[in-house]
Amino acid sequence: DTGVSQNPRHKITKRGQNVTFRCDPISEHNRLYWYRQTLGQGPEFLTYFQNEAQLEKSRLLSDRFSAERPKGSFSTLEIQRTEQGDSAMYLCASSQTGGDSPLHFGNGTRLTVT
Amino acid sequence: AQSVTQPDIHITVSEGASLELRCNYSYGATPYLFWYVQSPGQGLQLLLKYFSGDTLVQGIKGFEAEFKRSQSSFNLRKPSVHWSDAAEYFCAVGVRAGNNRKLIWGLGTSLAVNP
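So the sequence lines, in the order shown, correspond to chains R and D. Heads up, the first sequence is in the working numbering, so the first residue is 1 and it goes up one at a time. Heads up, the second sequence is in the working numbering, so the first residue is 1001 and it goes up one at a time.
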């Protein structure tokens, strides 16, 4: 168990560019979550998957954001036409199925949009 | 409405002193309760959780928390703080959402430790 892995750790991009982040969850975890966190705030829920199915998307997730988990293992989060307001830490977490299973977080991807 | 309040935005303690971080929640049913810690530039690490049973739960790194239903609180404590405990601490409540539980997060408490 190597924990949840996120790549890249940091991404700097210019406004209007597209970016994609990757998350590799703990191998036996079927649930995978994406959160966004800005300075001084707690994590904000974006979306979650159970296996390859995307079961919930937050209203925060505009149509510029898309997430996939094609084989129920790793996941990608893409942001199209980035805006400065997208600058944040993007956190991925995974858990086993079951409402009482705690989330295990990766170290996040820090996005800076200039 | 479901919410989590961490009343203290920032706390400073001296190394070796005791620590208590407050967390209050608003939720109509029995909550699942969590404390996570986040070091600068890192993800969140689970310190401890409460689902049922003994209301005093032990976690990693010498932390403990006590669930008090009458006060809707789940305060985090440590008897003697170490310099390495300086970090951001988040309380979260798991509320039922269909077949899943959704986490409601507090805004965090930033802990500084003086040598």
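Think of the hints as simulated: they come from the structure by calculation, not from any bench. Hints are supplied without guarantee of correctness; some may be wrong.
As the list claims (entries may be wrong) - Per label pair, the in silico range of CB-to-CB distance:
id: 1; chain 1: R; residue 1: 83; chain 2: D; residue 2: 1062; range: 14 to 24 Å
id: 2; chain 1: D; residue 1: 1062; chain 2: R; residue 2: 100; range: 20 to 30 Å
id: 3; chain 1: R; residue 1: 28; chain 2: D; residue 2: 1051; range: 12 to 22 Å
For each residue, glycine too, the CB sits at the ideal point set by N, CA and C.
The hints, checked one at a time:
1. At about 43 Å, the CB distance of residue 83/R to residue 1062/D disagrees with the hint of 14 to 24 Å.
2. For residue 1062/D and residue 100/R, the hinted distance range of 20 to 30 Å is satisfied, since their beta carbons lie about 24 Å from each other.
3. Checked against the hint of 12 to 22 Å, the C-beta distance between residue 28/R and residue 1051/D comes to roughly 20 Å, which is consistent with it.
Hint 1 alone, counting from the list given before, is not met by this structure.
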